[in-house]
Structure formats: structure tokens, C-alpha cells
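**Student:** The primary structure of each chain is shown beneath.
4 protein chains.
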Amino acid sequence: MKSYRVKVIKTNRDNISVLNAAVVGATGIVGQQFLGSLLGHPWFRVSGLAASGRSAGKSYAEALQDDAGALRWYCEEQLPEEWANLQVQDAEKLKASDYDVIFTGVESDSALLLETHFAKTTPVISTASAFRYEEDVPLLIPGINSDHAKLITHQRLRRGWKGFVAPIPNCTVTGLAVTLKPLLDEFGLKAVLMTSLQALSGAGRSPGVRALDIIDNVIPFIPKEEEKVMHEGRKILGTVEAEGIQAASVKISCTCMRVNVKDGHTESVFVSTEKPCPPGEVKKAMNSFASVLDKSGLPSAPERMIVLQEDPYRPQPRRDRDTHGGMATVVGRIREDDAMKNGIKYVLVSHNTRMGAAKGAVLTAEMLVKENYI
Amino acid sequence: MKSYRVKVIKTNRDNISVLNAAVVGATGIVGQQFLGSLLGHPWFRVSGLAASGRSAGKSYAEALQDDAGALRWYCEEQLPEEWANLQVQDAEKLKASDYDVIFTGVESDSALLLETHFAKTTPVISTASAFRYEEDVPLLIPGINSDHAKLITHQRLRRGWKGFVAPIPNCTVTGLAVTLKPLLDEFGLKAVLMTSLQALSGAGRSPGVRALDIIDNVIPFIPKEEEKVMHEGRKILGTVEAEGIQAASVKISCTCMRVNVKDGHTESVFVSTEKPCPPGEVKKAMNSFASVLDKSGLPSAPERMIVLQEDPYRPQPRRDRDTHGGMATVVGRIREDDAMKNGIKYVLVSHNTRMGAAKGAVLTAEMLVKENYI
Amino acid sequence: MKSYRVKVIKTNRDNISVLNAAVVGATGIVGQQFLGSLLGHPWFRVSGLAASGRSAGKSYAEALQDDAGALRWYCEEQLPEEWANLQVQDAEKLKASDYDVIFTGVESDSALLLETHFAKTTPVISTASAFRYEEDVPLLIPGINSDHAKLITHQRLRRGWKGFVAPIPNCTVTGLAVTLKPLLDEFGLKAVLMTSLQALSGAGRSPGVRALDIIDNVIPFIPKEEEKVMHEGRKILGTVEAEGIQAASVKISCTCMRVNVKDGHTESVFVSTEKPCPPGEVKKAMNSFASVLDKSGLPSAPERMIVLQEDPYRPQPRRDRDTHGGMATVVGRIREDDAMKNGIKYVLVSHNTRMGAAKGAVLTAEMLVKENYI
Amino acid sequence: MKSYRVKVIKTNRDNISVLNAAVVGATGIVGQQFLGSLLGHPWFRVSGLAASGRSAGKSYAEALQDDAGALRWYCEEQLPEEWANLQVQDAEKLKASDYDVIFTGVESDSALLLETHFAKTTPVISTASAFRYEEDVPLLIPGINSDHAKLITHQRLRRGWKGFVAPIPNCTVTGLAVTLKPLLDEFGLKAVLMTSLQALSGAGRSPGVRALDIIDNVIPFIPKEEEKVMHEGRKILGTVEAEGIQAASVKISCTCMRVNVKDGHTESVFVSTEKPCPPGEVKKAMNSFASVLDKSGLPSAPERMIVLQEDPYRPQPRRDRDTHGGMATVVGRIREDDAMKNGIKYVLVSHNTRMGAAKGAVLTAEMLVKENYI
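Chains as they are written, first to last, in the working numbering: chain F, 1375 to 1748; chain E, 1375 to 1748; chain S, 1375 to 1748; chain C, 1375 to 1748.
Hint data in this document are derived by calculation from the structure and do not stem from the laboratory. Be a bit skeptical, because a hint or two may be false.
Treat identical chains as interchangeable: a pair holds within one or across any two.
Within a straight-line C-alpha distance of at most 30 Å, the following computed BS3-like cross-link-like pairs (lysine-lysine) qualify [unchecked claim]:
(1) 1536 x 1524
(2) 1649 x 1467
(3) 1598 x 1432
(4) 1598 x 1658
(5) 1564 x 1432
This one's a predicted model, so the numbers in the text were calculated from it and none came from an experiment.
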């Protein structure tokens, strides 16, 4: 059935057999963002919503109500009637085989158990970090390391799963990896030193960042974030082999901070490359690379993966995060960095809850459909 | 007369002959900060206030009034009666020889003219950049490069001035230089890569940063700031010679951003040193160095030049900027940086309008009094 | 020609003869918002852009460039090529008769001169306050006081103009008037006491509100704003007579404050009515009234003029300002107020730069086209 | 013993026998503010710290440590060694009779149980609402209704307690009551309509307001707050009788909102009085009243209870909240309100965690010491 569907997708999107999708962790903020990203999706139809036992049995609208009767729905998109009335299932009892694909947006602890279970029968696209560092698990960013998808075959074989787990990377590494890829291809990468100014939404809502802590302030530490950026960055930029990923040899160092911005991570990046990388060449490399998904036909792919900003005051998170639906990485202030050999420095903005989370996961699912893994 | 005064200072502070000081640009925000820093000062007595012709002839309180009759006084300290009633003079007509020292807080263009004029007879301590890059002008930070004061003798000789001009450095480089100095002394410096998250007050009030531009946002560019950090950093850390400063050989690269914080610049610093610099040794070096001004007897000197924070969530601008009256540089998150050879990374917070501006200038003046230059 | 056009509009919008519009003050923030509101408009085609002499002769894109070469275009909508290339005219020399309608977004002083001149030949829709308090000038809000348009005929006659001036009200009074109208109709109005929490964008960009002044703060005063709300509110809700408006007899009192919100004015309203006004009846009255423009066929009319929010934590400016394209007034927290006779209290959010400014002006223009005044 | 102590207090403060105080809920934010307010207090010596069982047995410094080893101490004042080393007791097992006074800063549910227990032997000053609406319990604000303290005698008698419970009012009503009192005395009060713009710190830290919810936003609802303001306001301004308080007959109506301000509640107040109240008379009444505690000798009493601001842009929370150590209510924008009979309107700022919470509670305790209740 799947190959048929895929064939259809390739030849005539209007006739595609729509795939059944479940969203797990549906009442949480990531789950809601999955729904926002899947609203009106041409390939995926959300037919299952799952959450913790507390919400199970209620309609989705009921499950979102707080004590005061208000709807705790945080997407800008209106909650459609169809989903509002869907009965929420207990995630632990979800019959995974009823779905063609499962999107999970749960905490890492739950993810380990649930995703292991779901993957026995069904492809799982996850925002959790539970499986990210397993050697048979790719960290996919379409256009950047689409070929890592091959590892899924090995994962299935090794684990005896019909499905698989494909986690997306941490939101902070995504924009970084997108901009490093063309530099790696053109100039080779030696070292990356990055300082991030991360948005509030990256910390979620439970409880998230306290207003009292961030007003008139910067918090210069985000637990575990820097390790994720360093490890995941090298894995994403690595080369796929039969049974795993050979991490890229680039050295990555970073300091991750929280700033009083709603959405959109800003990153100040200093890079040392193998070969000389004059700013003009860097811009050219990024610009050429930006079109990598232009002909992919993936519904969530941005018009351009990278958008260059010549305005020296840009990119700014508030003004640039929504570029191409929050799926583009906006880059500006590309300058020579003479403190390192073959040095280049720039600033990027990447939308942490679009490309860096749910919508990025949907893009990954689309690629895996096209490549016949789903 | 001056050597007498200094002698008194050294032996018995209570009997000191107080020095007459003028504040030029007194109605502006920097001028007000000078006044806040000089309130109740044991050595300096503000007996002259000067501003543009528009304010000349009015009492200081009148000059601060806006159209609605409200007092545009922005310091936390109450404006004392004595200054409120002082008549504001026209800066262009100020009789400099009436004062022992002049503090100027005006735009660079005006500074060039006014300071040239004042310095003929009187020592000038300035926050403007007009003279910073002259080869016979030191960029003093007490405790960091106090010996650069020697250059003043050459400056006087060369220009035929009885006074001199001593500008303080840019507010962003100050905290950086304070933390780099012990690293330079202990390990030698090869390269510094810094990203700053700068406070709103650094942009002043005319017009300063628009709320509309910075709400829910970061602005990744501050005109001319990065050049200042690079040039001034190397000059401050350089070695003084007969007729100028030999800049330090360290390479400095930076990206300067504006964030929605009232006061206090936060800087994410990556350093590569000549010799290995394990975090424990770095902390020790900073801690030892921190006491450099402890026995200086300078009234505005902080208890410690550098305060180390072991809390991983610190330093934060709002919570740490006022440490030791805003005169300490607070450092935290000291970690090895393995992306560069002998790499170390840390975060610092420095108060841009205290140590980084008027109060830092007053500290410099104090040192120059003690060293007999004023 | 005009009656023909209007006839066409009523019967078949696709065949409408498009009207030529000029935007005056085009480089300013209000002018830009006019352009954003007119982008792709089915009735109006922007064929003229005018600004001060400084911009005259440049292409619009050139005129928007700052010293660093960056485009100072602040709308979320992309600036279309067609306008980017249009040559900016000197507003003082604009040939008004070349246009069917002129939208002006300039300061009140300039407005008085320019609009007097333009109106001799051409209808002028203005965001300035210059003409608001003239007795032959209506303050139109479509759906609220559309019948006040009649006064235009008197205005033309009295002044000997072929065109006319129709200013829109102050942005703070708009949402208030929209919600008071159904209360006036159903219960009669005795007194209104309102406290506004106004957005930063209401202060414009020249210089607008300083970030330094509003961070961690509220500013409890906006010059001239309270007088505008009181006078304009009574005029809007008044009754039109042959040669002027008889102001409504309701007493309006208010305190206007600035808060750290980008867009969207929040207002806390206490009302005392002539007849009893239980909350249930108030909701019903607002809900019925909300459909007033539903069948108007005006392109910029919101689906509902008033949207009621039952969530007690709403309306919130960030989450509700964009309801129906920023053209709806969102009302919540409707409760009995027992401190006044027949008291009711509620909170509203109204988008100050959409319904409250340029887009509201476009809506007014649409109504005047439909009613044959343009 | 107590009368002796009090006698000493009255005649010679230096020789006072210091009272032993316990702080319950010591690890929480209110408990910390109690400690900040009691630091170096001349009459009270904190010799007991109590919290939940989780903290019991640890030193106070240990109890404040989070998982990362960082000290969760939020006061601006440095945590003194003496308290850092004090062993935290289990609040449920605290031996109340060891203390002369107990300050409790716990949630209302716990407060009901704990305070009932403590009061059997010891005076309890509380920030919780548990007892506020009991008829034998006064809601004291020194200087406003000091005579309500008489009710304590009745409370002791009725409940058979040696101690008593004296809760302080809600932080939002405090500044309001302080400003209404002189109006009540001079003009009589008919109706009060108030809109509050409340600070983040009023919501505490567990979890407090999410940054994601308040950035670029206003939240127009605070659960239960409005009821508290209405009930407590009338009780505070009421008259004490043998066995309870006769609430004032004034009608109070309000809308309470949260804004993005760290500390300091701003309130927009409209008042209708019995007798005419021209602005000049209102200012005079407030100014005369402001000195009510001037000769009280209470260590925490502000220099002035009310400070009038003539600057039309004031009071502002950030700039005015710390007036007289956060213990003054700053009032500005006093104007006639012609929408109500004998109407007056003004804006006030009151520090919600100083006068409105812990430090206000300490002031109350001081008054009760002086009046021989403690």
C-alpha cells in the first residue's frame, strides 16, 4: 500500500491516498503545534489524538479546558471542529497499527517507552531526545542530510520493527546545521563557536520561563542544551555508513542563553573553515544551497532553506522568524572573522517551534513518505 | 598646589583639599550619571555645570525641565538642592582654568572641539571617543593598565597642554578587558571571540532604542561598536612606550547585539590562550587579580574588580549588574572550550553606565589624582 | 463617473472601475500602513505616493532607505515591486485632481494645510486630528455612525469644495465607540469611565516611546489623548443634524496609559446606563449589533464588528488584536458593576493600527464609495 | 515582660529588649521578603525559621539550594551568615511559645491550620488571606485603621487564645486604602471604580506568570483579586465596634489586570465623594494625611505615607515603587472627574512586595508592639 501511495504522490498529488496520522501528547504545546502544522495538510489526516490517562476519554476540546472553562489552545490557527470533537485516547493504550504515521511530542522519559512500543508497527516522528543518540537512529533535516534516512532500514532490521523512530534534532541546532551544511560542502569545517539567544517558547509551558526571571534580564544557561548542540551538530553533518553515522570532525562549542523573545532563536556564529571562505563566497554558497528543496514537492518545504538579509540590522527574531512560514533560516551580518584562520562570522534566526520543532517534523515525515519509508 | 593635595590624600583623607570639578554636558544622560557618581564624593566637589547654549543661564533644575514642567532627571539618586540651583554655563564659554578637573559627557563631534580647548589648562576625563585613537592618549582602566597613565606626560609635552585628555574606553570593552587582563598575564592571549548582549541604556536617550523595535526582539547590530571593541581592547591590553601604546597582539573578533535589558551588558566570551588554561587555573587567576585595587584607597574602587559566580544561571544582568555599586565585572560559566587550542569560555556582566561610563571615569580621575596627574 | 462606479460596485464587483488613490505621508509609518491596507485592494489602486520634499523625486524604495542602505519598511506585507518603483511626489505639489481619493497620514500641522488644499478637488480620508473638531466634519466609523456621512454635503457646500475631508477618530476612541454604540441603542448611556492600556505603536516611530522608558514600567499619561477620547466619543455617538453633530449627552472620563505591548489597545470600561443592563442583555445587544456590516459588501469590513470572548483571561492584546484582520473589537469580562446605577463593566481590545488607523480609514473610504460620496 | 519591653521602646530605643521572631514559610518568596524586611531590625531578631517537612532539618542555606547547587535567594539584600546557618524547622512542629511573634508567609490552606495553632500562644502576623474575613479579625494598615487593633482583645477572648492572628490585606487594596482614607475623612466616599495594572511579583514564583503569556501582552484577569479588593477595602475603611468591623458604606468596583512589570502595582482610580472634592483640596487632604506616622517611631514607617507627584508622567512603577523604601504610596494625575458627581480621578503606585506584603506586615507588627499587643 505504501509504495502505491508514494507512487501517487510522485505523479499526481491531487489523487493521493491520504495517510492516517496520530498525534501523541496532543494536549501539550508541542502536540498543539503538530496539529497547527497538520491543519489542511494534503498528505496527512489526523485521525487519532492521544495524551496521558488524565485526558483519555474526553473530547479534545474538553481535554484542553482549564478549571475556569477556558480553552487552552495556543496555536494561532483556529482549532477546527473536527479535532475539537475527536475523543482523546490514552497514549499508553493507543493502537499504533491503526495509523500510517505517529507524531509524538512528549517528554523524553515517556517518549522512550511509548515510541519503542509504537515503532513495532508504525513510523514514529518525534520531537523528543530519547532516541537521538542511538547509533541506528538518524537525526534528519530534509535537504541537509536526507541520505541519513538510509539508516532506517538498518534500524528496522536490527530492532525487528516494522515501523521506526525518527527524532528531529534539538531546535537550537537546526538553524545552525542548515547554515553550516553549505560551508562544510564548499570550504570544509574546522571549528564552530556559537552563542545562542533563545526564545521563551523553547522552554515550553510547564512551567516554562518565569516572567519574573526574564524581565529586564538574560539567563545565560539552559540545562543540557549546549551538549545537545555539540553532539547533534556533529551527527547531522556526519556521513552515513552501514550501521551508523560517522560524526563530522568539526569541533563545536557554544554558550546557550535565554532572552526575552517569544519565538525565534538568534545565533551568533563564528566559523573556521578548512579552505579560505571570503564573505562573498560564503553568500554564494548559502544562496546556491538554499534551493535544495525547491523541487522536492514536499508541502512544508520553504521556498528557500536559507534567506540572506543584506540589512545590517537583520536578522531579528520578531521580524524574520516567520519567513517562508517559519521554515527558512534567515542569515545576515556575514563578515570575515580574522581571529581564526579562514574565519567567517554571521548571525542567524531560526523559528524554534516551526522549522525547529513540529513543522520541521512534518517536513521530515513528508520526505520519508516521498522516499518510501512511510 | 596639586602635589600638596595629593600628599594630603595619601596621608590623611579627612584633611584633603577638595578639588573643583566641572561637568560638561550636564543636562544629558551621561552628565547626569557623572553627577550621580560624584554625589557626596570625598575628593571632588562639582562647582561648575556646563551644557549647550540652549541651557546656558538657567538654573540646572530649570534646564532639566521639559515642556510639561517635569524634571528630566534620570538618576536614582535625588538631585541635591545645591546642584539644582547652580547656574548652567555655556560649554563653549566655560573658563576651564577655574577647575581642577573637567568631566565631559558630550557627543564625539563636540568633544573634539571642547576637550581640545579645556585641555590647554585643565585635565579632562571624557566618555567620548574623540581622542581614544590618538597615539598619545591612553585608554585607562584603573587596575588594568594604570601604567598607561605615563603617556599623559608625553601628551602634554607634545601638545603643549597644561592639562590633558583621558578618555575612558567604550562600555562594551571595559568588562571584557577586565576579565582578559588576568588571562593575558597568566596564560598569554591568542584570540578572543565575543558576542555581546547589550543593554538599552548604552544607546542613550536621544533617541535611544525605540520600544517598538526591541519588544519581543533582538537587534543584532550596533553601528561602530564592534570596531571599537576590537581596537580599544588591543590598546588597553597593550604596553606603554615612550610615545604611544604598542597594541597587544591578541586577535579580537566580536558581534554586538542589543537586547531588551535596561542596564548591564552581558558578554559570551571564547578565548584561546598561549599556554594551557584549565578552568580551575582561570578562576584562580581571576580571583587573585580581583584584589588589584583593594589597597588603592580610591573612593570609587569596587571591593573586588571581578566577582566569580558559581551559580550556573549567573551572571544575569538584572541581578548582577549592581555588584559592588556597579563597579565589579561578574563572571560565571567558566568552562573549557575544546573548539580552540587552549580554549576557555565564560560569560560576564558589566554595568555599562557605572563601571562602563561615568562612574568608571570618576574612578580613573581618582587614580590620576593619586598618581599626581590631576 | 462616480455614480456609475458605485452602481457597478453594487451589482458586480469584478467589473468595477478601479479608483485611483494617492497616499500622502507615504514614507511614514501611517503611510506604510495605508499601503499595507491597500495591497491588492479590489476598489482602490495606489497610483500616487507623496511625502515631504526630502523624499520627492526618489523612487519609493530609495526614499525608504536609511544611511546604511536598509529598507525602512515596517509592514508585515512584502513591499510590492510596483510601489517600490513609483516616484515619490512632493506632497505640497501633488496634483490632487489626478486622484479619486487621497489617504493622508501626516502630522496635524501639515494636515491642516495639505488637506485644505486637496479637498478643493478630491475626497480626503485622513488619520490626522486637524479637522476632527470642525462642526461640518463627521468622525466616521462605518456601522457605528454611517449616517453622519450626510454632513459631507454640508461641508462641501459651506466650503465650496468639490472634495471633502473625512478624518477617522483617534485610535483609542474607536474600540470604545464600537462597544458603546449597542449599549446606547439598547439601554441609553449616562456615564463612561475608562482606563486604557495603550500599545507602543500608537506613539509612532518619530521617535515613539523609548525602550528605556517603558521596560519594566507603565507610563500613566499620553498628552492630549484623554481630551480626544472624551470629545470624539461624544461626537461619534451623537446625532447628525443639518449643519453639524449634536454630541451625545453621555459623560466620558478616562485615564490613558502606555504599556509595553507592541500593538492593540486594551481598555477597562465602566459604564452607567439609563435603563438596567444585566450582563446577559449586554452580551445579547453586542452580539446582535456585531453583524451590522455583514451585508455591507465593504472589502475591509470584519466578519463581526464585535467578538465576545467568554474566556475570563481574555481579551489579551497579543492574542486578540488580529481577530478578523485586526478589524474586530474583542470584548470580554462583561460583569455587573454595582458601584454605579445600572452599571456594567468590561474589557476590550482593539487593534490601534488596523481598525484604529489606516485600515479603518480604508473601510471608511469604502463606505463613502458605496454611499456615492467618493 | 511585654509591657516592660514596650515601655523601653517608648522611652529609649537603644536599650530595648529585642523580641524573638520566627518566620514560617521561610524558603518561599514571601518568607524571604520577611527576612529582607527584618534584616538588622532594631526590635525583632529572627531566631526561628520554619518551612515544610521537605526542608526541615537542613540549614537555611541548604534548604534554598536547587538541584544545580545554586542558592534560590531572591532578595536584593545579601543573605546573612547567621540565617544561612540556622536550622530550618518543620512548620507543623514549630514550638510557637518560643517566640514573641511569628511572621507567616504561606498559602491560605496551610495558613488556616498553622496560624490557628500558633495563635494559641503567640501573636501571628500573616500575609495569607485565611483569616481576613473573620469578623473578629482586623485588617490593619498602620496609620489608616490603627484603631481596628482593638478587635484583637475580642479575638483573644472569643477564641481563648493568648496570641492572635493579624493578617495584612491583599497587596492591591493597600495603596488604594491608603489614598482613600484622607478622601473618606475629608469628603466622604460614595463610589470607587479602579483598574489595576499589577506587577509580576504579585503572582509569586510557583509558578507565577509565564513569560510566554505576558510578553507583548496584558492579562486582564487575576482570579479572586477583584473580590478581595472590594471586600477588604470596605473592611479596612470601616469602623471598629465591640465585636467586629462595620464595613464602610462606599461602593468599590474594580478590574484587575496583570502587566509586564516586575514590582509595583499601578492603579487608575475614579472616586465619587459625598462632598465636593476639587483637586486642590484633594491634594491638600492627601498631603496633610501623609504625615500620620511621622511621629510614630515605628522603624519601618515611611517618611511620608503618601507622596504626591506633580510630573504628569508619574507615578511610574519602575521609577516610583521604591519611594521611602517601598513604603510610600505615590500619587499623581489628580484631576476632576466630571462623569460622576463630586468626581476625582488619580493614578497611584504602591510597592506590592514592600508596603503591600512582608514589609507592611513588619510595620503592622511594630505598631502592635508599640500598642502593647505584642
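**Student:** All the hints need checking, so say for each whether the structure fits it.
**Tutor:** Taking the hints in turn, this is what the structure says about them:
For the identical chains of this complex, residue 1536 and residue 1524 are intra-copy neighbours only, at 15 Å inside a copy versus 74 Å across copies, given an alpha-carbon limit of 30 Å. With identical chains, the CA atoms of residue 1649 and residue 1467 are never at most 30 Å apart, being 54 Å at best within one copy and 58 Å at best between copies. In this assembly of identical chains, the alpha carbons of residue 1598 and residue 1432 lie at most 30 Å apart only when taken from different copies (28 Å versus 35 Å within one copy). When the C-alpha separation of residue 1598 and residue 1658 is checked against a cutoff of 30 Å, the pair qualifies only between copies, where the shortest distance is 26 Å, while the shortest distance within a copy is 34 Å.
In this homomeric assembly, residue 1564 and residue 1432 never come within 30 Å of each other (Cα to Cα): the closest approach is 53 Å inside a single copy and 47 Å across copies.
In the structure shown, a violation is registered for the earlier hints numbered 2, 5, in ascending order.
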